[in-house]
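Chemist: Fit chains F and D to the given chain L structure using the hints.
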Amino acid sequence: MYSIILATASRYLLLLLLMFSVFLLFRGHNEPGGGFVGGLVAAAAYALYFIANGIEAARTIVRFEPIMIIAAGLCTAVASTLPSLVVGKSFMTAVWVDTGIPFVGKVGTPLLFDLGVYFLVLGITLCIIFSLAEEDRL
Amino acid sequence: MSKIIMLPILFPVCAALIMIFFRRSVAMHRILNVAATASMLVVSLVILGSVRSEGILSLQVGGWEAPFGITLVADMLSSIMVVSAALIGFTTALYSLGTIDEEREHFFYYPLLQLLLMGINGAFLTGDIFNLYVWFEVMLISSFVLLVLGGRPQQLEGAIKYVTLNLLSSSVFLAAAGILYGTAGTLNMADLAMRIPLLDHRELLSVVAVLFLITFGVKAAIFPLFFWLPASYHTPPVAVSAIFAGLLTKVGVYAIMRFFTTIFTHDGVSFIHQVLLVLSAFTMVVGVLGAVVQYDMRKLLSFHIISQIGYMIFALAVQSPLAIAGALFYIVHNIVAKTNLFYLSGLVHRLKGSWDLREIGGIYRFYPMLGLLFLVPALGLAGIPPLSGFWAKYVVIKAGIDSEHYLLVGVALGVSMLTLFSMMKIWNEGFWKNDPRGEGSVEDEGYLRTPTMKKAVTLVPIIMLGFLTVMFGLWFEPFFEFADRAAYELLDVYNYIDAVIGGRS
Amino acid sequence: MTFLLAVIVGALYAAGTYLVLRRSIVKVIFGLIFLGHAANLMIFTVGRLTKGVPAFVPEGAEILTEPFADPLPQALILTSIVIGFGVQAFALVLFKRAYLTLGTEDLDKMRSTDQLPEERL
Chain L
1 MYSIILATAS RYLLLLLLMF SVFLLFRGHN EPGGGFVGGL VAAAAYALYF
51 IANGIEAART IVRFEPIMII AAGLCTAVAS TLPSLVVGKS FMTAVWVDTG
101 IPFVGKVGTP LLFDLGVYFL VLGITLCIIF SLAEEDRL
Chain F
1001 MSKIIMLPIL FPVCAALIMI FFRRSVAMHR ILNVAATASM LVVSLVILGS
1051 VRSEGILSLQ VGGWEAPFGI TLVADMLSSI MVVSAALIGF TTALYSLGTI
1101 DEEREHFFYY PLLQLLLMGI NGAFLTGDIF NLYVWFEVML ISSFVLLVLG
1151 GRPQQLEGAI KYVTLNLLSS SVFLAAAGIL YGTAGTLNMA DLAMRIPLLD
1201 HRELLSVVAV LFLITFGVKA AIFPLFFWLP ASYHTPPVAV SAIFAGLLTK
1251 VGVYAIMRFF TTIFTHDGVS FIHQVLLVLS AFTMVVGVLG AVVQYDMRKL
1301 LSFHIISQIG YMIFALAVQS PLAIAGALFY IVHNIVAKTN LFYLSGLVHR
1351 LKGSWDLREI GGIYRFYPML GLLFLVPALG LAGIPPLSGF WAKYVVIKAG
1401 IDSEHYLLVG VALGVSMLTL FSMMKIWNEG FWKNDPRGEG SVEDEGYLRT
1451 PTMKKAVTLV PIIMLGFLTV MFGLWFEPFF EFADRAAYEL LDVYNYIDAV
1501 IGGRS
Chain D
2001 MTFLLAVIVG ALYAAGTYLV LRRSIVKVIF GLIFLGHAAN LMIFTVGRLT
2051 KGVPAFVPEG AEILTEPFAD PLPQALILTS IVIGFGVQAF ALVLFKRAYL
2101 TLGTEDLDKM RSTDQLPEER L
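Protein chains in written order, with my numbering: chain L, 1 to 138; chain F, 1001 to 1505; chain D, 2001 to 2121.
Incorrect hints may have been included.
[Claimed, not checked] Cβ pair distances, simulated, as ranges: (1) V78/L / E1065/F: 16 to 26 Å; (2) M1424/F / K2027/D: 37 to 47 Å; (3) D2106/D / M1424/F: 35 to 45 Å; (4) R1202/F / A2006/D: 20 to 30 Å.
It is worth saying that the hints were derived from the structure and are not from the lab.
These figures come from a predicted structure and were not determined experimentally.
Yeah, the Cβ is synthetic: ideal placement off N, Cα and C, and Gly gets one too.
Same shape as in the complex, but just chain L (with noise of 0.2 Å):
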């Protein structure tokens, strides 16, 4: 069912949510938030649009393909443990850059692993998404 109402609405709101969920990522170290209900957030969006405008259209905005997400995701939370053994201490310890960026706050490698949750998060519900949605044609 098309309904030019929500197609037009979805995409503005795709915008919105996508930069909630940015806001949810990097507001998550000491308030509520963080990588996983980022990428929630984020994969919701994408749904909305979805239901909106129909597989193609979702698959397209989209522009990667989920597997790579997760792949990405997985990448940098695996990457965020390494710099502790460069440093030294002990294997998945936190390390933190002095100088804090604004908007951003504190950066360290808890952002960089929260960040590949985000995406891990992101990817696999679109996979899941996506593999529900192709399923109805058969």
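Modeler: For chains F and D alone, kept in the frame of chain L given last:
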């Protein structure tokens, strides 16, 4: 030095990531898969060596000290299990080269295999109960996907049973971990081993112990909880069945071993050992009776997994040092022999085009060497003297007699006869009798046409594991020394506590 | 509050168990989800409820002052929610796929992997 124990977890995840990024190149997947598992085997052997010379290794992940952070611990038991996992990973990597079709390879078969191994290694190495839950889930998710990869109706049907029961057991695990945390205030295994004997809530702890027994009972497929296993293990490609058969149930047995020798040792849960004794008898008998009536090779072997788990549980229930050592030796012997039998059943299917023993025959006539290769693990599993199974059963039964569990020893011996009978059934039907579809009707032309390389990579793992079965039997003592050491370490909990909480690294 | 949560946990377990025992795979998966939630809530409850006192060391002090809310059960629940989400989503896809391939959602009709070959005929 102790940093090395994170490598068995890091290698597979890195390999899987690289494979996903270069998803188009299946050739690269194949090479990387073999390389990663081979290096994992080397690393795990190094770990075993250093645990032997230096004692228990522990690593505090993230620099958080022991009872608060996540600890990775490699004691003798863990490192022996990691070596076995790496060995089976390596042989399966080789075997997959020759048997997995290209469609599955494109659908991330190899990365999934690596993730499965990561979960298994994590479960063996962790020293924290919640972390164990996480590794179980990693292992389960990759095994779910491996099970349904290809998506034939039978696979989906088997997967539903497998997924449902395993999810159920995971939720029981979670509940048990929650209650345990509520009563003991910690989930670190060493810390628990220290605190539990001092706690007051005995009744609650008994409940927790039983909940854990149910969880791991499902994973290990012990008596009333095994139904998912024969319903699903025969549905995926044989390389997947083989790695499942070799490793997954043993992770459950490992967890039972760890929990009921390290953590729950106080008097309040001694009834668990009685329960385990009874369950082990039923597991042995029901498993082997299930196997005896089957004509489908893979189903027959699947039921055998259950029956063999019974022996391990029996030895665990006896709890003497000799019995624990015997259980561990049994696990390793069983991992090697069972995986090998699955590999062989795949080869037989390749040659004859059927899993049904009644429809095939005459393999010995055309491939006498293959017959020999089959007899090694088959007789090994049944427990015929110079092979590994003889010693495994001998030690377990000796421990049973020493502790005067005569009835169970009788059951174990009877079950061994039936094991031999069902192995001979495969031999008679598949190898010895003439092919019912007529003389010389070797429809193995397909096999003959497969390139020599492919044939070689399917045979090498079989020969490797067969060789090990013989080695375990002929040079029993040096191998058993490792198991013996592990048993002493397990029963002397203070060593473990000291390595985790005492020594900070 | 603890009592209320205990009742909810009990109700979730009861509902989950009932649903898991149904024949329809849709109900089975709902049952599994309920059981997962029940376990999460139970961890939350047995971790002791402490309202409004986060586990921060007060200024000037060296260690935490009692009472404080234990953060660990919450971390455990968060992890298990994430894992549960992934696993349940996978199960959903699997069950749907199975329904489309096998043409039935009745578990009693999915017996081919449990039978001996001759029974199947």
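Chemist: Among the hints numbered above, which are violated by the structure, and what are their numbers in rising order?
Modeler: none
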